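Peer 1: Protein chains in written order, with the numbering used here: chain X, 204 to 777; chain Z, 204 to 777.
Hints were generated in silico from the structure; no laboratory data involved. The structure displayed is predicted, hence computed values, not measured ones. Incorrect hints may have been included.
Claimed, not checked - So the derived label-pair ranges between C-beta atoms look like this:
(1) X:Asp572 / Z:Ser633: 21 to 29 Å
(2) Z:Lys710 / X:Leu306: 44 to 52 Å
(3) X:Glu347 / Z:Gly733: 47 to 55 Å
(4) Z:Gly536 / X:Asp572: 15 to 23 Å
(5) X:Cys535 / Z:Arg758: 22 to 30 Å
(6) X:Thr603 / Z:Ser400: 34 to 42 Å
(7) X:Asp279 / Z:Gln680: 28 to 36 Å
(8) Z:Cys535 / X:Cys535: 34 to 42 Å
(9) Z:Glu463 / X:Glu683: 54 to 62 Å
(10) X:Glu347 / Z:Arg758: 39 to 47 Å
(11) Z:Gly733 / X:Lys311: 52 to 60 Å
(12) X:Glu683 / Z:Asp313: 53 to 61 Å
(13) X:Thr603 / Z:His490: 24 to 32 Å
(14) X:Thr603 / Z:Ser633: 15 to 23 Å
No residue lacks a Cβ here, since even glycine has one placed at the ideal position from N, Cα and C.
Number of protein chains: 2
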Amino acid sequence: MAKKVLIIGAVALGPKAAARCRRLDSNIEILMIDQGNFISYGGCGMPFYLSGEVDNVHALRQTSAHVNRDPDFFNDVKNVEVRIHTKALSIQKEDKTVSVENLDTGEKYDIAYDELVLGTGSSPIIPQIPGINLQNVCAISCLEEAMSIRENCAKSKLENVVIIGGGFTGMEVAVALADMWSLKCTLIKRSPRLLPSLISETISEMVRHDLGSLGIDVISEEEVLELRGENGEVKEVITSKRTLKAEQVIFAMGVKPNSEIAQKAGLDCNPRGGIRVNEYLQSSHPHIYAGGDCVVMKNIISGKEQHLPMGSLANRHGRIIGTNVAGGNPVCGMETFNGVVGSWCMKLAKGSASGTGLTVDEAKKAGFDAMSVNVEQLDRAHFYPEKDMMTLEVTVDKKTRRVLGMQGYCANGDALKARIDTVAAMLQFSKPTLNDLSNVEVAYSPPLASAMDVINTAANVADNVLSGVHNAISPAQFVELWEQRENNNYIFVDSRPAKASQILAEKYPDYWYSMPLEGFDKVISKLPQGKNIAFICNSGTRAYECQRKLKRTGRDSVNSAGGMQAMKKRGQEF
Amino acid sequence: MAKKVLIIGAVALGPKAAARCRRLDSNIEILMIDQGNFISYGGCGMPFYLSGEVDNVHALRQTSAHVNRDPDFFNDVKNVEVRIHTKALSIQKEDKTVSVENLDTGEKYDIAYDELVLGTGSSPIIPQIPGINLQNVCAISCLEEAMSIRENCAKSKLENVVIIGGGFTGMEVAVALADMWSLKCTLIKRSPRLLPSLISETISEMVRHDLGSLGIDVISEEEVLELRGENGEVKEVITSKRTLKAEQVIFAMGVKPNSEIAQKAGLDCNPRGGIRVNEYLQSSHPHIYAGGDCVVMKNIISGKEQHLPMGSLANRHGRIIGTNVAGGNPVCGMETFNGVVGSWCMKLAKGSASGTGLTVDEAKKAGFDAMSVNVEQLDRAHFYPEKDMMTLEVTVDKKTRRVLGMQGYCANGDALKARIDTVAAMLQFSKPTLNDLSNVEVAYSPPLASAMDVINTAANVADNVLSGVHNAISPAQFVELWEQRENNNYIFVDSRPAKASQILAEKYPDYWYSMPLEGFDKVISKLPQGKNIAFICNSGTRAYECQRKLKRTGRDSVNSAGGMQAMKKRGQEF
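Can you make the complete structure from the sequences, with help from the hints?
Peer 2: Listed below in structure tokens is the structure:
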């Protein structure tokens, strides 16, 4: 009798596992069930459908040859049976059966399996506040919701949109609606800043300023208490501090793994949700596999369990599970997956943000004695005409100089991704030190990189800081010194060429000194004694050189990492 | 008495080492000598000066704040003494002196050092054929030569340019002159194809076709015998097979390390040139450091010595040497460098090419039982509007499944670089297997990557080939089968949707079968028995699925890796 593989969930992991399994074995009976209507779609593409970049919602569920990936497609082309509108109710792991319900008819029945695959995904977190059942209130967790929002846009029903939560989807949706439909978008979040677990304050402020270029307001540290409507449609969002108009409310507070069915069946789960799996992606029961959004994975750097709801992870897991339920790779046997480092990227309004590994805050939480430093450098040779200033921030363990993560922001998302992915690979397969990052051999040619590339520079700056030859402060720390200038006895020394630095020196003659690197040696004695000194230049490098020169005279100073370029990206004016 | 550091060579490594050393130690006496006129310039930027992308040649020797990096700059700003027009004649390593000649006055004198740095760079390889002293014959090894060529362009003196040699610079210069100045460029080379040690035949053909889009002819396997001129100016290039018009001839046959002075001093060198250095970048004499173009480095993958003349390597080496001659990093001591993997990239006419590690040919030479396979996949989500088809070719050791290298071609150079650099990092810091490459956690979002990204797909396709479930052939092998179709009993089965595949089926009714993946199961029995079958589709994936279906009926077949997309990129028409 043929082996029976049952797959619960048919969005990302399920279809991948099914197709892979079938390509390896033509005899296995593969059945995939899903409670929804649409299957095998690119959920992460929904913001780009709202923006109009993706014209037709069905493009998200089509192959690259524009064939709909519907149950017939899976049946006819992939030889995989699919039952939609079919909800899994419980798993009887000793009997190897799953009880399901046909949501159209209410009929309940059991399905027997030899190998079970859980690709149950995740669900949006929605707080149970008054008004959540009003019309035009939704998450963006399925195609129907995206379609409904776009329909409201197209019918000109919307002027104000409030997005509750500030994760990837929330920001992507805000950008889409503000850019394409010129809607007033407001993002409300509980945490003090955007993406607090993924980026530092420095890059977070750049992201906020980026969103601001489309008029998107970000309201932090506020709780939404209630939604109010008229005639059943939402009209207002009430927070702890204000009332906002909103004809559309979108919850984007993140997602939680759909692991209840696994938990009920007695499979080992994280107490906060998420199925635990071994390196073969087997749950605590060897004939039940799980992957994608419904599992927790070990973070390779922190050693902690992490929920990483990404379509990419689901696809990679899907292939491994497809192989393993088919009996393993024909040559090497069971395939393995060894954990995650937490790589991500997102396109914003003017630029993209990306990161991998730990931020300095997350590193500290994981027990590292960590520091981070941000750099600004062009993404290619400075003499090449098309170029963008890239921000990179590297997280390092102070004692061992081990690199723990890198995040960045740049107008050119592909160029940024090149640097982040390089670090991701280092983090995933080694324990890189600053020396490794300083020497990582990325491809070089002036139209695509610098001879001393920004990825290497980030390591070099961190090395200088840890070696005590560069006393860098973050952009926020510089701004704070500047704002407290009447009380803190600081003067601000601008190492940029005279043309750039003199403007502020004339505006603030008591505080701002124009002292270009060229000629700094000659004027160094003119720096008033008894004053604290904060350097700044365009990107940080000229001021670092001046700091070294000043240090030779015995004086300490601080230097604003990333210089004016970092200030500009956060919208700081002087 | 202050320590004396003498640096020979002031183009890339020298200035970097000098500036780094100075920042770490303000007391060391640093003297840098160079026989040329210009110092501290981005030599790799010269092709982009010829193309007009870089407007002013001096941009190549300026800081990003447009300050000329001339001897005065180094003296005044960096506190580094520079003597140009000063040629090093010999090293007396026991005496710690270098004999030099002032090329302006002919004066010879000795310079004493405590630590010597050799940044002598490399020189172009120029065959000693008749006519090489004619005017308008040069390499592009210094700014003066680039200036002379651009002057000839600007004065409309040129119509035909012959470039001898097919390395990076030769191709970049051909693109620059053909694109910006509409010159007829011909590239002549001895080897059978472009970049034979860096890319396979598959990507080599794509590069050739890319150059062809600007009318650049590539002539292979021909030797240049003589240059002929009129009134002292070059007019013709005579090869073993033809005579070509040429008012400008450029040698781009590669470079050789300038290691003669080291060899004469008894330092350990590779017999074919290149100073040998240890992990601290010390030569066989501990007080003589060397790096950049004048050294050979161990290739981490092959274990063999490699000459890697790259501005990026020179910069990384420069920082390490600058640190080490200053006595080491203040905290961690001597810095180290552990070898190279050979990463590179270049912008061509319509796209960019890039690679890292070994090609299949180089891997075989290094003793691996290697194979490679090429894939075509979009560089981001297929539903995202802006996207480019990316070619990647992965080299793998068959037995261990160790990944040995990756090369690629794509219109979006940044996106290509993201994938190549990721593999470079894996190769440099681990011994990745196909399983690792299949799972490498690159950042994902639809505007920047695919959920199953092309980098993972490359591993998966190679895995399928090695596991015997995918019988792929290279584009060239498919073309050969097609061209031999009257004799080899092959039929060609096109799995693309009917609209695409029927055109060729109608054109070649006896050979080309339109059998879209959808519905293939139903027509599989119509495939004539007794025929050999070669599949093709758009990118290789649909045909792979059909190949699996056919295999279930007991029939073998081959599938054209990369499909029609690979064909298009090599200019193959049917």
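Peer 1: Flag every earlier hint the structure violates by its number, smallest first.
Peer 2: none
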